[in-house]
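Just so you know, the sequences run in chain order A and B.
Read in order, the letters of the first sequence are residues 1 to 283 in our numbering.
Read in order, the letters of the second sequence are residues 1 to 283 in our numbering.
These aren't lab readings, by the way, just hints derived from the structure by calculation.
Fair warning: there could be bad hints in the mix.
Unchecked claim - Only pairs whose alpha carbons sit at most 20 angstroms apart, straight line, appear in this in silico EDC-like list of lysine to aspartate or glutamate:
id: 1; chain 1: A; residue 1: K259; chain 2: B; residue 2: D21
id: 2; chain 1: B; residue 1: K259; chain 2: A; residue 2: D21
id: 3; chain 1: B; residue 1: K155; chain 2: B; residue 2: D145
id: 4; chain 1: A; residue 1: K91; chain 2: A; residue 2: E75
id: 5; chain 1: B; residue 1: K91; chain 2: B; residue 2: E45
id: 6; chain 1: B; residue 1: K150; chain 2: B; residue 2: E170
Protein chains: 2
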Amino acid sequence: MRLPQLTAAQAPLTESIDAVDEHGQTRRIHIPAERDLTVYVDKRELVTLMTLGAHPEWLTLGYLLNQRLVASVDEIESVTVDWDVNAVSVKTREGIDRIEERTARRVVTTGCGQGSVFGGLMDDLDRVELPSGVLRQSQLYAIVDAIRLKESTYKSAGSVHACALFRGTELALFVEDVGRHNAVDTIAGWMALQTDAPRDHGDMLDKVFYTTGRLTSEMVIKSAQMGVAAVVSRSGITQMGLQVARRVGLCAVGRATNKHFLCYANPQRLLWDTVPPPAPERR
Amino acid sequence: MRLPQLTAAQAPLTESIDAVDEHGQTRRIHIPAERDLTVYVDKRELVTLMTLGAHPEWLTLGYLLNQRLVASVDEIESVTVDWDVNAVSVKTREGIDRIEERTARRVVTTGCGQGSVFGGLMDDLDRVELPSGVLRQSQLYAIVDAIRLKESTYKSAGSVHACALFRGTELALFVEDVGRHNAVDTIAGWMALQTDAPRDHGDMLDKVFYTTGRLTSEMVIKSAQMGVAAVVSRSGITQMGLQVARRVGLCAVGRATNKHFLCYANPQRLLWDTVPPPAPERR
Chain A
1 MRLPQLTAAQ APLTESIDAV DEHGQTRRIH IPAERDLTVY VDKRELVTLM TLGAHPEWLT
61 LGYLLNQRLV ASVDEIESVT VDWDVNAVSV KTREGIDRIE ERTARRVVTT GCGQGSVFGG
121 LMDDLDRVEL PSGVLRQSQL YAIVDAIRLK ESTYKSAGSV HACALFRGTE LALFVEDVGR
181 HNAVDTIAGW MALQTDAPRD HGDMLDKVFY TTGRLTSEMV IKSAQMGVAA VVSRSGITQM
241 GLQVARRVGL CAVGRATNKH FLCYANPQRL LWDTVPPPAP ERR
Chain B
1 MRLPQLTAAQ APLTESIDAV DEHGQTRRIH IPAERDLTVY VDKRELVTLM TLGAHPEWLT
61 LGYLLNQRLV ASVDEIESVT VDWDVNAVSV KTREGIDRIE ERTARRVVTT GCGQGSVFGG
121 LMDDLDRVEL PSGVLRQSQL YAIVDAIRLK ESTYKSAGSV HACALFRGTE LALFVEDVGR
181 HNAVDTIAGW MALQTDAPRD HGDMLDKVFY TTGRLTSEMV IKSAQMGVAA VVSRSGITQM
241 GLQVARRVGL CAVGRATNKH FLCYANPQRL LWDTVPPPAP ERR
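Please model the entire structure based on the sequences and the hints provided.
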C-alpha cells in the first residue's frame with residue numbers, strides 16, 4: 001500500500017488565561033485551543049473543521065475516509081498542514097471522482113453529531129462484517145484504567161472529548177478534540193495508515209474503541225465502519241446508537257467508570273472473567 | 001409581524017430498555033430518543049438534523065435563522081412536522097433567494113461544533129450590538145438553581161444537552177437535545193416568535209442564556225446573534241469561544257455549579273450583590 005506523505009504540524013493545545021471566580025478573585029486557568037482548519041483537496045476548498053489541533057493530518061485523512069470521499073489512503077499522495085494559514089492541502093493521486101456532486105450531497109446532512117455521514121453510512125451498514133471475538137470484563141477494566149491514568153488536555157484544561165483505540169488491552173492511540181466527531185475521525189485516519197496484521201489475543205477482540213462521549217448513531221456507525229466490534233463509553237447511548245449497534249452486532253458498553261458499566265447491546269459478546277466488584281451504587 | 005403556522009408534533013423523548021450491568025444483572029434503564037428530521041423548504045430537501053424531537057418546529061425555525069437562510073420568521077408561512085415520515089415541510093411566503101448557492105456554500109463548513117455557521121456568522125459579528133446591563137451574582141445563582149430543580153430527560157435518561165433562556169431570573173424556555181447545536185437553534189427559533197418588548201429588570205440583563213455544554217465559538221456566536229449579552233455554562237470554554245466573547249463584549253461564565261463559577265470574559269459585566277460563599281474547593 002502506498003502511504004501518503006504527511007506533515008507533522010504542531011500547535012499549542014491549551015492556553016493559560018485569567019478567569020474571575022465567585023469571590024471576585026482572579027485565577028489562572030488553562031482552556032483548550034479551538035482553531036479552524038480549512039481542508040483543500042486538489043486546490044478545491046472542501047470544508048472547515050473546528051479542531052483542538054493535535055493531529056490535523058490524521059483528522060483530515062479520517063474525515064475524507066468517513067465522508068466516503070476516498071476509499072483508501074493510497075488514493076492520497078500528500079497531506080500538508082500549515083497552521084500559519086489554518087489550512088490543510090490534500091493532494092490526491094488521481095483526483096476525486098464527481099467531487100462537486102458528492103460534496104453537494106453533503107448539504108443534506110449537516111446535522112451536527114451526524115456531520116454529513118448519516119445518509120451514506122446507514123446505507124453501507126448492512127455490508128459491514130465485524131470481527132468475531134469477545135470483550136473480556138478484565139479487558140474492559142484494563143481499558144477504563146488506562147484511560148484514567150492518561151495525562152490529557154482534559155485533565156489540564158477540560159472541555160475536550162477523548163477517544164482511544166485499544167489493541168487487546170494495550171492503548172494504541174489516544175486522541176482528544178473539541179469535537180467528538182473529530183476525535184473519532186482522527187482515529188479512523190490513523191488506523192487507515194496502519195499496515196500490521198490483526199493481532200491474536202485468543203478469544204479477545206483485537207480492536208476496542210473508547211470514547212468519553214455519548215454513543216450516538218454517528219459514533220457507533222463510524223466504529224462499525226472501522227471494523228471495531230466493541231465500543232466503550234464513559235457516557236450513555238442514544239436510541240439510534242442502540243439501534244445501529246444491535247443491527248451490526250456491535251457490543252456497546254457505557255457508563256464505564258471504575259468497575260461499573262452497562263452493556264446496552266450484544267451482551268453475549270461480553271466474557272465475565274473477573275470476580276464481580278462489590279454491589280454498585282445504583283446509577 | 002406575521003407569525004408562521006406551526007404544527008405541535010409530539011414524539012416520545014425516552015425509551016425504556018434492558019441493559020446488563022457489571023454483575024451480569026439485567027437492569028431496566030431509560031435512554032434518550034435520537035431521530036432524523038429531514039427539512040424540506042418549499043419542497044426542496046435541505047438538511048437532515050438528528051434530534052431528540054422535543055420541539056421540531058422551533059428547531060427548524062432556529063436552524064433556518066442561524067443558517068441565515070431566512071432573516072425573519074415572517075418570511076415563513078408554515079412549518080409542518082410529520083414524525084410518521086421524519087420530515088418537516090417549510091413553506092415560505094416568497095421563496096428563499098439563491099437557496100442553491102447559499103446551501104452549496106454550506107459545504108465549506110460542516111465542521112461539527114460549528115455546523116455550517118462559522119464563515120457567515122464570524123463576518124456578521126462586528127455588526128452585533130449587545131444590550132447593556134449586568135449579570136447579577138444573585139441572578140446567576142437563581143439561574144443555576146432553577147436548572148438544578150428542572151425535571152428533565154437528562155435526569156431520567158442522561159446523554160442529552162440542555163439549554164435555557166432566562167428573562168431576568170425567570171426560566172422562559174428549557175430545551176434539551178442530543179446535540180448542543182440543536183438545543184440552541186431551538187431557543188433561537190422560539191425567541192424569534194416572541195413579540196413582547198424587552199422587560200425592565202433595572203440594571204439586570206433581561207436575557208441570559210444557559211447551557212450545560214461547553215462555550216465553543218458556535219455557542220458564543222449564536223448567543224450574540226440572538227442579542228444575548230451573558231451566557232452561563234455548567235462546563236468550560238474553548239479558546240475561540242473566549243475570543244468571540246471578548247470581541248463582542250459578551251459576559252461568559254462557566255463551571256457554574258452550586259455557588260461556584262468562573263467568569264472568562266468581561267467580568268466588569270458581573271455585579272457582586274451577594275455574600276460570597278465559603279471558600280471554594282479549587283477546581
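Against the structure, the hints:
1. A:K259 to B:D21: 10 angstroms, holds
2. B:K259 to A:D21: Given pair K259 of chain B, D21 of chain A holds - Cα atoms ~10 angstroms apart, limit 20 angstroms.
3. B:K155 to B:D145: 15 angstroms, holds
4. A:K91 to A:E75: 9 angstroms, holds
5. B:K91 to B:E45: At roughly 12 angstroms apart (the allowed maximum being 20 angstroms), E45 of chain B and K91 of chain B satisfy the hint.
6. B:K150 to B:E170: Holds - the C-alpha atoms of E170 of chain B and K150 of chain B are around 13 angstroms apart, at most 20 angstroms.
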